[in-house]
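For the record, in the sequence shown the residue sitting at position 224 is 257 according to the working numbering, with numbers rising by one throughout.
Hints should not be assumed to be uniformly reliable.
[Unchecked claim] Computed list of lysine-lysine pairs in PhoX-like fashion (alpha-carbon distance at most 25 Å, straight line):
#  : residue 1 : residue 2
1  : Lys378    : Lys367
2  : Lys378    : Lys351
3  : Lys318    : Lys289
4  : Lys127    : Lys170
5  : Lys378    : Lys318
6  : Lys127    : Lys73
7  : Lys208    : Lys197
8  : Lys365    : Lys375
9  : Lys306    : Lys364
10 : Lys175    : Lys163
11 : Lys367    : Lys325
12 : Lys197    : Lys127
13 : Lys365    : Lys351
14 : Lys44     : Lys57
15 : Lys87     : Lys73
16 : Lys170    : Lys135
17 : Lys318    : Lys375
18 : Lys44     : Lys135
19 : Lys378    : Lys306
20 : Lys318    : Lys344
21 : Lys370    : Lys344
22 : Lys135    : Lys175
Worth flagging that the hints you see were computed from the coordinates, not collected in a lab. In this text, all values refer to a predicted model and were calculated from it rather than measured experimentally.
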Amino acid sequence: MAMESTGVYWKPIYNLLELESELKVFVVNAQHIKQVPGRKTDVKDAEWIAELLKHGLLKPSYIPDRPQRELRELVRYRRSLIDERAREANRIQKVLEGANIKLGSVATNILGVSGRLILRDLIHGHTDAKALAQHSKRNLRKKIHLLERSLNGLIGSHQRKMLKTQLEHIEFLEKQIDEITQEIDSRMTPFEEDLERLDSIPGIGRVTAQHLIAEIGTNMDRFASADHLTSWAGLAPGQNESAGKKRSARTRDGNKYLRSALVEAATSATRRKNTYLYAKYQRLKLRRGAKKARIAIARTLLVIVYHLLTKQEMYLEKGAVHYNEKALEVKKQKAIKHLQRKRQKSAPINLDADFLY
Numbered sequence: 034m035a036m037e038s039t040g041v042y043w044k045p046i047y048n049l050l051e052l053e054s055e056l057k058v059f060v061v062n063a064q065h066i067k068q069v070p071g072r073k074t075d076v077k078d079a080e081w082i083a084e085l086l087k088h089g090l091l092k093p094s095y096i097p098d099r100p101q102r103e104l105r106e107l108v109r110y111r112r113s114l115i116d117e118r119a120r121e122a123n124r125i126q127k128v129l130e131g132a133n134i135k136l137g138s139v140a141t142n143i144l145g146v147s148g149r150l151i152l153r154d155l156i157h158g159h160t161d162a163k164a165l166a167q168h169s170k171r172n173l174r175k176k177i178h179l180l181e182r183s184l185n186g187l188i189g190s191h192q193r194k195m196l197k198t199q200l201e202h203i204e205f206l207e208k209q210i211d212e213i214t215q216e217i218d219s220r221m222t223p224f225e226e227d228l229e230r231l232d233s234i235p236g237i238g239r240v241t242a243q244h245l246i247a248e249i250g251t252n253m254d255r256f257a258s259a260d261h262l263t264s265w266a267g268l269a270p271g272q273n274e275s276a277g278k279k280r281s282a283r284t285r286d287g288n289k290y291l292r293s294a295l296v297e298a299a300t301s302a303t304r305r306k307n308t309y310l311y312a313k314y315q316r317l318k319l320r321r322g323a324k325k326a327r328i329a330i331a332r333t334l335l336v337i338v339y340h341l342l343t344k345q346e347m348y349l350e351k352g353a354v355h356y357n358e359k360a361l362e363v364k365k366q367k368a369i370k371h372l373q374r375k376r377q378k379s380a381p382i383n384l385d386a387d388f389l390y
């Protein structure tokens with residue numbers, strides 16, 4: 034039996050058919066079974082899928098077992114809660130800006146301990162900047178004079194109401210995130226060693242490691258190589274070929290959840306100086322720009338993940354010096370090959386006497 038993987042509509046049917054041991058169910062990417070242009074109906078689509086299945090022309094998508102599917106749903110839901118929390122924090126920032134309060138320009142995190150104390154006082158109608166600045170803690174305390182100036186604003190009653198609602202929403206979201214995280218942690222217990230392996234990679238923390246394992250699992254046997262995995266994730270560059278010339282193209286579509294987690298991890302990894310990944314990013318950024326360089330680092334991270342899970346090893350940091358030496362050697366070898374090709378093209382042609390006459 035075969036069906037298209039359209040949205041979430043295939044899931045309830047697959048969950049039922051999965052219980053029938055004598056049935057083999059193919060879930061197929063809709064992009065791979067497009068019909069020729071013409072009239073399109075559900076009945077004709079079903080007939081077309083049946084015809085392709087009959088002739089063995091369908092390539093099934095990878096569907097993980099039920100426990101991993103449930104883990105994926107939990108991890109993806111947590112991601113959506115985290116994203117919603119970030120959006121609500123941005124809304125708070127906009128309300129403060131509208132009240133001419135520049136808290137975000139002084140405090141690195143307006144939802145830190147100091148920031149929340151200040152927000153609660155603002156919500157309760159306290160507007161004395163000097164008194165509000167006394168809530169500053171640790172590093173923010175060193176900037177108390179700047180903080181005091183940033184809190185001189187004009188906040189209205191409607192803005193206090195909005196801040197109250199937004200802060201309560203954020204606290205509710207944080208509670209939900211904690212509850213979902215507890216459930217994820219309990220389901221991740223069998224993968225604790227693999228989590229530690231991925232956590233050893235620069236830029237990948239425990240939450241990201243959980244996200245990666247939920248998306249790809251821990252058994253890499255289903256991927257023929259690291260290149261297959263990066264292609265599945267949508268991190269392998271495409272390639273256009275015409276008239277014998279090959280040109281790189283944009284990365285292909287893939288698992289958007291996995292790709293997003295890796296790009297975020299790459300952003301974090303490129304901020305850690307004197308590491309192998311930092312040195313690689315700096316070199317790539319000069320040639321391709323920051324955005325493409327981050328995508329390349331995201332791909333490198335996934336290749337590292339593949340090898341660590343395959344070989345059951347921890348990440349070994351080789352440092353920026355190692356990468357720079359390696360890159361210099363590669364550059365040197367390319368220059369040698371270029372000179373050799375140039376020499377071959379300019380070499381004189383030896384013509385014998387028979388050819389001349």
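Which of the listed hints are not met by the structure?
-> Failing hints, ascending: 2, 5, 6, 17, 18, 19, 20 and 21.
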